[in-house]
Every structure is written in C-alpha cells, then in structure tokens.
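Undergrad: Chain residues, written in single-letter form:
Number of protein chains: 2
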Amino acid sequence: MPKIEENQLFTVIIEWEVNPKYQQDLINGLTNQIETYFKDYDGFISSSFHASEDGKRVINYAQWLSEEAWSNSFQASGRDEVQTTNDEIINRCGAKTLKLNSYRVARVIENI
Amino acid sequence: MPKIEENQLFTVIIEWEVNPKYQQDLINGLTNQIETYFKDYDGFISSSFHASEDGKRVINYAQWLSEEAWSNSFQASGRDEVQTTNDEIINRCGAKTLKLNSYRVARVIENI
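Listed in order, the protein sequences are those of chains A and B. The opening position of the first sequence corresponds to residue 1 in full-length UniProt numbering, with each subsequent residue numbered one higher. The opening position of the second sequence corresponds to residue 1 in full-length UniProt numbering, with each subsequent residue numbered one higher.
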C-alpha cells in the first residue's frame, strides 16, 4: 500500500475537472491505462485516484522512485498510443486536465 | 507513516501559491501549527507537506478518520486562534490559498 515518506519519492499530482456523471468512468478509464501500461514499469511505485465529494474533480497522486524513472516512462515505446487513449478517455468523460505538477515530500506529521 | 487505502480515510488536499523564497518558511510555519494544534486531535491521521520543484507551490495531503472528525476539529476550542496564526504565516510568506477540497480514495494501483 502506498506510503508517504519524506524526501524518498518523486510525487506527481494530476488534477482533472469532470462532469460528475462521468467521474467514476474517468477513474475507471485512467486506472485501466495505468494497470496496462505503467504498473510494471521500472520505477513506478503507486498511483492513487481520489474522487472529490462534489463529483467534479479527480486527483491522481502518483509516486515514482525518481524523476528520471518518471521521465523515462514518457519516452518509452507506446507513449503516443497511451497519450491518444488517455485523450479519448478524457474527452469521452467531458473532462479537462487542470494541472500536472511534480513534488518532493518535504514534511510528514503523524498521529502516533 | 501515512498509507493510502481505498475508501478508508477522508482526505483533504490544500494548495498554496507561494513566493519561492518563502516556500520552506511556509512549510515550517504550517507544520508547526499542525504539530501544536492537530497532531493529537481525535481522528487526525496524518498531514504531509509537498514542495513543488519550481518552488511556487505547496500541497498538504491530510488524512482524517472521517469527515466528521475533520469538521469537529474546526469547531474545537482555539479554532479562531489557529486560523489567525495560519493567516499570519500565509501573509508573511506572501502566499495565497488556492484550493481546499476533500476527497475519497477511489482506487489504488501499486507496483507489487
């Protein structure tokens, strides 16, 4: 199960705006893509999809071993095919990609 | 260490825009607030601060046991004081709160 650790992983957060009717479809479609193309990719750690309570947004919290592993995955064969299918899923669900940013986990506070 | 699990926790994602010079100050200030006021609060699980690579954004990925636990914490005594101090930290760092949204973890994919 994904664990958040300080300065250990390269984190990518992607946000979509979606028609609430298709929020679950968007999650299913993108999840299938990750299971098919990225799950066993070297350096891929985890990808967690979050559904907003109002149905209008989806956030993917993705963890990679390093920035290099993440960028290499984009250069891998099949990238164009993956992107085309992603675009189709996003269009079909009336969704829009709002943000794609990368982060370093700076600080973790826990109730322990 | 924070773990992401499907449908188990109530997740709150807060995003700030910040002057890169003060990104670390913002993280330190808000982290201190959480350690002082929320760390031992009933239902608080974890709070992880993420620093964007370009220095311009900070994201807090916070996990609570339930939505109820999260809203109760806002009604707890000291709330006004906490909010005032938060505002002071945010202003001092030239930061702006962009988003505060709550999410359900819908799907987790892992490389296992």
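Derived by calculation from the structure, the hints in this document are not laboratory data. Source: prediction; values computed, not measured. Hints may contain errors.
No distinction is drawn between identical chains; accordingly, a pair holds when it is met within one copy or between any pair of copies.
Claimed, not checked - Think about it this way: if two alpha-carbon atoms lie no more than 16 Å apart in a straight line, the pair counts; the simulated EDC-like pairs of lysine to aspartate or glutamate are:
#1 Lys3 / Glu110
#2 Lys39 / Glu110
#3 Lys39 / Asp87
#4 Lys3 / Glu17
#5 Lys56 / Glu17
#6 Lys99 / Glu17
#7 Lys99 / Glu53
#8 Lys21 / Glu81
#9 Lys3 / Glu68
#10 Lys96 / Glu5
Undergrad: Next step is simple, just say for each hint if it's right about the structure.
TA: Hints, verified against the model:
1. Both within a single protomer and between protomers do Lys3 and Glu110 lie at most 16 Å apart by alpha-carbon distance, with minima of 12 Å and 11 Å respectively.
2. For the homomeric pair Lys39 and Glu110, the shortest alpha-carbon distance between copies (6 Å) is at most 16 Å, but the shortest distance inside one copy (28 Å) is not.
3. In this assembly of identical chains, the alpha carbons of Lys39 and Asp87 never lie at most 16 Å apart, being 19 Å within a copy and 41 Å across copies at closest.
4. Within a single copy, Lys3 and Glu17 get their C-alpha atoms no closer than 26 Å, and across copies no closer than 25 Å, so neither meets the 16 Å cut-off.
5. Proximity of Lys56 and Glu17 under a CA criterion of 16 Å is satisfied intra-copy only: 6 Å inside one chain copy versus 22 Å between copies.
6. Proximity of Lys99 to Glu17 under the C-alpha cut-off of 16 Å is found in both arrangements, the shortest distances being 10 Å within a copy and 13 Å between copies.
7. Taking the shortest alpha-carbon separations for Lys99 and Glu53, only the inter-copy value of 14 Å comes in at or below 16 Å, while the best intra-copy value is 19 Å.
8. Taking the shortest alpha-carbon separations for Lys21 and Glu81, neither the intra-copy value of 26 Å nor the inter-copy value of 40 Å comes in at or below 16 Å.
9. In this homomeric assembly, Lys3 and Glu68 never come within 16 Å of each other (Cα to Cα): the closest approach is 20 Å inside a single copy and 24 Å across copies.
10. In the homo-oligomer, the alpha carbons of Lys96 and Glu5 never lie at most 16 Å apart, since the shortest distance is 30 Å inside one protomer and 26 Å across protomers.
Checked against the numbered hints given earlier, the structure breaks hints 3, 4, 8, 9, 10 and satisfies all the rest.
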